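Chemist: Listed below are the residues making up each chain.
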Amino acid sequence: MGKRDPKAPFVPHRDAYKAPIMECVNLGIDFGGLTAVNDFCITIGPTEICGLIGPNGAGKTTIFNLLTKVYQPTRGSVYLQGIDTKDMNSVKANKAGLARTFQNIRLFKNMTVAENVLVGLHNSISYGLGEAILRFPSYWREERIARSRALELLEIFDMQDIGDQKAGSLPYGAQRRLEIVRALATAPKVLLLDEPAAGMNPAETEELMENIQKINKVFKIAILLIEHDMKLVMGICEGIGVLNYGRLIAKGTPAEIQRNPLVVEAYLGKGQSDSESGGEDSA
Amino acid sequence: MLFVSQLINGLQLGSIYALVALGYSMVYGIIKLLNFAHGDIIMVGGYIALFTLTFGQHPLIAAALTVAGCTVLAIVIEKLAYTPLRFAPRLSLLITAIGVSILLQNLAQYFFSATGRSFPGHLLLPQGGIALGSVQVAYTSIITILTSLISMVILTILVRRTRLGKAMRAVSEDQDAARLMGINVNSVITFTFAVGAALAGIGALMYSVRYPLMFPTMGAMLGLKAFVAAVFGGIGSIPGAMLGGYAIGMLEVLVTAVGLSGWVDGVVFMVLICVLMVRPTGIMGRSIMEKV
Amino acid sequence: MKAFTIPTPVRYGINTALLILFLIAGNAITQSGLLGRAQNAIIIQVGFFIILAVSLNLVTGYLGQLPLGHAGFMAVGAYAGALFWRAHILPETLSIVVGLLLAGVVAALFGILIGVPALRLRGDYLAIITLGFGEIIRVVLTNLDSITYGARGLLNIPRHSSFLVVYICVIISCAVIHTLMKSRHGRAILSIRENEIAAESCGVKTTYYKVMAFAVSAFFAGIAGALFAGNLGILVPANFDFMTSINILMIVVLGGLGSMFGSVVAAAVLTFLPFVLQPLADYRMIIYSLMLIIVMIFKPSGLMGSYDFSLSRILEKVIGKALSLGRDKGGKNHGKA
Chain F
1280 MGKRDPKAPF VPHRDAYKAP IMECVNLGID FGGLTAVNDF CITIGPTEIC
1330 GLIGPNGAGK TTIFNLLTKV YQPTRGSVYL QGIDTKDMNS VKANKAGLAR
1380 TFQNIRLFKN MTVAENVLVG LHNSISYGLG EAILRFPSYW REERIARSRA
1430 LELLEIFDMQ DIGDQKAGSL PYGAQRRLEI VRALATAPKV LLLDEPAAGM
1480 NPAETEELME NIQKINKVFK IAILLIEHDM KLVMGICEGI GVLNYGRLIA
1530 KGTPAEIQRN PLVVEAYLGK GQSDSESGGE DSA
Chain A
332 MLFVSQLING LQLGSIYALV ALGYSMVYGI IKLLNFAHGD IIMVGGYIAL
382 FTLTFGQHPL IAAALTVAGC TVLAIVIEKL AYTPLRFAPR LSLLITAIGV
432 SILLQNLAQY FFSATGRSFP GHLLLPQGGI ALGSVQVAYT SIITILTSLI
482 SMVILTILVR RTRLGKAMRA VSEDQDAARL MGINVNSVIT FTFAVGAALA
532 GIGALMYSVR YPLMFPTMGA MLGLKAFVAA VFGGIGSIPG AMLGGYAIGM
582 LEVLVTAVGL SGWVDGVVFM VLICVLMVRP TGIMGRSIME KV
Chain R
99 MKAFTIPTPV RYGINTALLI LFLIAGNAIT QSGLLGRAQN AIIIQVGFFI
149 ILAVSLNLVT GYLGQLPLGH AGFMAVGAYA GALFWRAHIL PETLSIVVGL
199 LLAGVVAALF GILIGVPALR LRGDYLAIIT LGFGEIIRVV LTNLDSITYG
249 ARGLLNIPRH SSFLVVYICV IISCAVIHTL MKSRHGRAIL SIRENEIAAE
299 SCGVKTTYYK VMAFAVSAFF AGIAGALFAG NLGILVPANF DFMTSINILM
349 IVVLGGLGSM FGSVVAAAVL TFLPFVLQPL ADYRMIIYSL MLIIVMIFKP
399 SGLMGSYDFS LSRILEKVIG KALSLGRDKG GKNHGKA
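Residue numbers (our numbering), protein chains in the order written: chain F, 1280 to 1562; chain A, 332 to 623; chain R, 99 to 435.
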């Protein structure tokens, strides 16, 4: 592929962004002696929808963990609106504008749907400990605002009527949607979705695609998603990065990715790439 | 000279802690349970030894019965109290272990009464000692140190060189994967408890000889300190448990020797806290990263 | 159909009225001499066990950690309060208030002191470090002979733990922990129990909230300790051994992890029970420990689960039902529970 320009944007035709929302420069992490991710460079504009694809174990979720500071990178840096996130932890990364969902759903299962979203709104409420215990007017006011905001957010997925249900009792698809709402509640600038369509049927996936685009438009935020459902990825992502063995082997628009022989090889193995590439394109 | 005799003293105590710590460490390694009842199994072992010896049994028979008794007790506890909770939250398991510990203490109090009984150590191990230069070393010290060393060598061989040991290591690594490989996880866990308890039985004999006063809560503090030893060395690690045992034994003897015997327990826990501050998984423990 | 709700001010009014009624009744009974000294002492005892259980429940039930050194915080508070009261430097009423606050604050400081390092560690390590802390406190109290009189006991502590004082402390601690849990801070604490990594990803400062919960829990344990001292009039370090911590834990677990109502009921029942069942005194601890094991195996959420009693909710249900019954006289809703 030749030498990559670390500042090269994720989506070439979106080059116009003077101020990218998130940049990763030569990001890498080792576990023990194993290099899980290496030389990962992307740049994302403030309202792009981007996708990360790649075979299982390619390091996609690890990248999310690096971005959200669950793991600290061994090499390289992540910039959010130009600010280095080197000294941040998960909490500060969230406050700086990164929110995520998890591949293996991590809801607060014994709390209600509304409470899950309210935890997401934690930092947008400001009353202190004393005000809470003594129930100052500020407590009532801010709680009321937060609750109506939570319901508003739940409305995106038409979940406003099940606010009192236990999150753990929701069906699988609804749990995934609730995780997205909870992440949105933290008012992110970049939303990271880890396999949002996993376990959903085609109709649900279709609806999810619309909703992701709606979120992107209404909230005017960047979305980076990991997904195996090619229909979803090709359908809504403006830019796609392909990961294999911890390295970004290709990035570009959906059309470019579908034509890229390296990508086909990563998915199908060497030797078959010539005969199968046509099929992959139409997928 | 005083130093040498204190050193041997510390080694003796440390050997006991190491034996008990191994039980904690192995069980923790395999099902991530702090087996609070471990110390109380030692107490029961002590009483078994006490009764068999006072009924005039041969020391070897008494020892064998003690070890067997502890092993059986541990298996029963594991089957009745811990197995039903195999998939329960860790907190439930831990609370159950605490419950078992209190149950054993109070059953002992009910059956054997709370008053202390003196242990006939002379019936178990030979008295006197040998002179190493100008230092008099008691046979009990030598036997304790040697027994514990031999037990640990056998344990290491068991874990490192046998099929069962391999199964144990596999289960502690990943229960589900081990099950898929055709390992009977339940019996491996039971076996681990049994081995830990057998070591505790040996520990019970050695401890009773050194502190020949039996009472229902005698296992509690011993258990706690042995656990501290296991954590200190790095829980889940066999050499760690040995190292921790010797370290805590030495520390205790040292603190007593400088005349602060009232502070021993406090110092032991203080050192534990300090060690965990610097190395949260103990001296030889591996760090575990949660998968996200 | 919209469910019937009682307006908040009315709800507060009802609750306050009931609490005052209860206070007057309790005070009258304890003052009247109807009950003997021993019975009065038990009522007081129930009081500080409620505070201890509710405060431990904050950390165990809501935060999901298992500290085993609650008696340590209690001890610190007990000695702080007792020493202050013994000094007799303030008029009585003021002295009681200041002494209790002092006990709570000192215990809370210890809570932060032990919480900061301990909470960097997970689960079992936290249990063992707090256990160690409890033991250290006991050893220190035993050996600080010049101040605490060690094992001989600290005597002549003013008996300030009247029904009124204990009752007010119980109400305050329950109310504070309740309002705390119903706020954004409480939700943050719960989210840590539910899923720490997700909580952090939502911007919840987990370490801060863990230490905070620890400190609040210790604060009330300290106050309970001072009440304990003011009830007994004498303190020995052995009052605060590992078994005391376990006793409190037993109350919390049997009552239901995360249920304040459960903690209150269990504290009352487990304190009263031994006196009612005198003949079974020998078996008491055997029964308790068996119960603990059996509850964990068959109903790990405790006897009450996470059920929280709410008078107004029950009232709302009753009134709501009455209203709907009145509306459709056929009474079709009758079968519905």
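For the record, the hints were derived by calculation from the structure and aren't laboratory data.
Mixed in with the good hints there might be a few duds.
Claimed, not checked - The calculated lysine-lysine pairs, modelled on DSS-like cross-linking and capped at a C-alpha distance of 27 angstroms, are: (1) F:Lys1374 x R:Lys280; (2) R:Lys397 x A:Lys410; (3) R:Lys280 x F:Lys1388; (4) R:Lys415 x F:Lys1445; (5) A:Lys363 x R:Lys397; (6) F:Lys1388 x R:Lys419; (7) F:Lys1493 x F:Lys1468; (8) F:Lys1445 x R:Lys280; (9) R:Lys419 x F:Lys1445; (10) F:Lys1445 x R:Lys397; (11) F:Lys1371 x R:Lys280; (12) R:Lys415 x F:Lys1371; (13) F:Lys1468 x R:Lys303; (14) A:Lys363 x F:Lys1388; (15) F:Lys1374 x F:Lys1388; (16) F:Lys1365 x R:Lys303; (17) F:Lys1510 x R:Lys280.
Please read these numbers as outputs of a predicted model, since none were measured by experiment.
Chemist: Each hint: holds or not?
Modeler: Hint-by-hint comparison with the structure:
1. F:Lys1374 x R:Lys280: holds (23 angstroms)
2. R:Lys397 x A:Lys410: Within the cut-off at roughly 18 angstroms; holds.
3. R:Lys280 x F:Lys1388: holds (17 angstroms)
4. R:Lys415 x F:Lys1445: Distance ~20 angstroms between R:Lys415 and F:Lys1445 Cα, so the pair holds.
5. A:Lys363 x R:Lys397: holds (21 angstroms)
6. F:Lys1388 x R:Lys419: violated (31 angstroms)
7. F:Lys1493 x F:Lys1468: Status holds; Cα separation ~15 angstroms.
8. F:Lys1445 x R:Lys280: holds (16 angstroms)
9. R:Lys419 x F:Lys1445: Judged against 27 angstroms, a Cα distance of about 24 angstroms means the pair holds.
10. F:Lys1445 x R:Lys397: Cα-Cα ~19 angstroms, so holds.
11. F:Lys1371 x R:Lys280: holds (25 angstroms)
12. R:Lys415 x F:Lys1371: violated (44 angstroms)
13. F:Lys1468 x R:Lys303: Between F:Lys1468 and R:Lys303 the Cα gap is close to 20 angstroms, so the pair holds against 27 angstroms.
14. A:Lys363 x F:Lys1388: Satisfied, since the Cα-Cα distance of roughly 23 angstroms is no more than 27 angstroms.
15. F:Lys1374 x F:Lys1388: holds (23 angstroms)
16. F:Lys1365 x R:Lys303: holds (18 angstroms)
17. F:Lys1510 x R:Lys280: violated (43 angstroms)
In summary, the numbered hints that this structure violates are 6, 12, 17.
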